[in-house]
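2 protein chains.
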Amino acid sequence: MSIRIEKAESLKQKPESKKIPFGQVFTDHMFVMDYEEGQGWYDPRIVPYAPITLDPAAMIFHYGQTVFEGLKAYRTKDGGTLLFRPDKNMQRLNKSNRRMSIPEIDEEEVLGYIKQLVEIEKDWVPEFEGTSLYIRPFIISTEPNLAVAPSKTYKLMVILSPVGPYFAGGMKPVRIKVEDEFTRAVKGGTGAAKTAGNYSAAYRAQANAKQEGHADVLWLDGVEKRYIEEVGSMNIFFKIDGKVVTPALSGSILEGVTRMSVLELLKDWDIPVEERKISVAELYQYYEEGKLEEAFGAGTAAVISPVGRLDWLGNTMTINDEEVGPLAKRLYDEITGIQLGEREDTKGWSVNV
Amino acid sequence: MSIRIEKAESLKQKPESKKIPFGQVFTDHMFVMDYEEGQGWYDPRIVPYAPITLDPAAMIFHYGQTVFEGLKAYRTKDGGTLLFRPDKNMQRLNKSNRRMSIPEIDEEEVLGYIKQLVEIEKDWVPEFEGTSLYIRPFIISTEPNLAVAPSKTYKLMVILSPVGPYFAGGMKPVRIKVEDEFTRAVKGGTGAAKTAGNYSAAYRAQANAKQEGHADVLWLDGVEKRYIEEVGSMNIFFKIDGKVVTPALSGSILEGVTRMSVLELLKDWDIPVEERKISVAELYQYYEEGKLEEAFGAGTAAVISPVGRLDWLGNTMTINDEEVGPLAKRLYDEITGIQLGEREDTKGWSVNV
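Chains as they are written, first to last, in full-length UniProt numbering: chain A, 1 to 353; chain B, 1 to 353.
Quick caveat, the hints were computed from the structure, so don't treat them as lab data.
Just so you know, even glycine gets a beta-carbon here, dropped at the ideal spot from N, CA and C.
Certain hints may be false.
Okay, the calculated beta carbon distance ranges per label pair [said to hold, decoys possible]:
(1) Lys95/A - Pro51/B: 29 to 35 Å
(2) Thr53/A - Leu11/B: 20 to 26 Å
(3) Asp106/B - Thr53/A: 27 to 33 Å
(4) Glu119/A - Glu119/B: 53 to 59 Å
Okay, chain A solo, but in the shape it has when bound (with noise of 0.2 Å):
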């Protein structure tokens, strides 16, 4: 489809430093496309980014069928810009969409708008080391009416947000509470889809986490709270005895770009890994012979998070002294090299805007 541009009259000032705080910030445009029932997804556009303006019954207030991704714009050294994997990206927004019963958008097309937005805001992809434009494309349920069923009509927005970097004083550990109260997903519920309910059910948890000085949570499963599932916003990988264990996709986890990439790299360098259910017993038992050597968090918005110590119910495993391993230092380098173009690109991971 041919799309419509309406640039913006005046421009916003730009961030000038690099601790600008993640997803507050917004640049000057945003690309907007609609879906009606009969017609399709029509009228993909550019205009100046602006507040949306809908009916109180719009459905996506009362029933939340919605979905989104999450992906970053990077700066190279010699000024241009790259997207890491966004194909895969497009993939599980359809993903979603199927789970969520929203109509599928040809992914193509829209990994071309995408890149049609980035490239008139190129400016706004900050060059600081560690920085990026994170990109959220979502689709939003329009149709007035409280019938609770999919909606006719739908809009799909992509909005642009320079971030500064997620270590901001370099790479530390974190730590992580193991969750026994409340519940992310389950088998046959929509834990595998990137639709907004997972998030808000996980702010209780997250809350009472962090009251207790936990950067965050690791899910366990919904139906037997044994097995280890991912952590908020990040998959969840456990370098024990040589091996790289991760949980295996069990139909309630996210399957994160930043994980499948993980898997990637391990297998060329010839790490052994395995996909697994891993229940946090099992894992205790490793720690206690010693053989637990690293934790590690991967997902889009730090790449790869060390876990420094992991607590379950009155259980402390401290890990790798609560330092940086050196797998996930590896990774991270590998992949954010990638990333910024400065790192060999075998595999094709990197477009260029």
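Following the hints, complete the assembly by docking chain B onto the known chain A.
Using the frame of chain A, we list chain B on its own:
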């Protein structure tokens, strides 16, 4: 707080027929109140029904932090307007608020605002038998911020929608499918809160059921997939060998106002009732023994909705020859009688507007 009232300059045409599709027609005014961290809830106002304007980064679009309620205003024969146990909806709204990390409301105060709104819109309460004015209070998170954390600002709104009779051609038993693939909610999750994400999570299962000729699905517990929880928009009751059995509140079942009213009436009528775990296998055994006398849902929309058939993994339970059972009929007549002010309200359930 003193309420600000801005009347609409022109009024809409009210529906003349009783065939009003649910949730698509809205009255002339709505109630709005805002919340800001540090200030609390402020500026309660009744204003003309109109679209609302939000930043595309408003948290409701991304992380689903939102709650809602549903109740009805009924027209009495002498032209009065009654609400049915609205204090219970206010209590549940705050219960949902606590689960979703949304600031609580002053229940009495907000109920007072709702009464004022209904009073202004009293000509919208339809007169035909079985009709009512549906009241939808809801709270949405409005802070423009992509950080995954509770919002610092919210908007509470109340919109009103005249609705036609649930059973247009008289009460008719429905066919329900026992859902064995998808899961609505699980212990530790948000199932007991009235929050948006729970509803769209059900669309896939409901669409499958409808294709097979079922009106809705009966959800099983998320852990063992054995115990009966609720129907999409109703709690469920079974009459087994003279006794009434309904699933005990498990933490993942919504505590319906109609459910609690049914329980209180059954007690008054000296009909034995058990709130307990009941598996679908146990139910099927009673069915085979000829002891499953009635099944019915209880909820604000239908009040009482008899279930004529339950399909479970290839097993069919035909209940009371797919006719309306005497207990379902008695409960329906009693509750709607009280709602319409036609039967004596010994419990103080009805509230005059």
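- Item | Hint check, failures only | none
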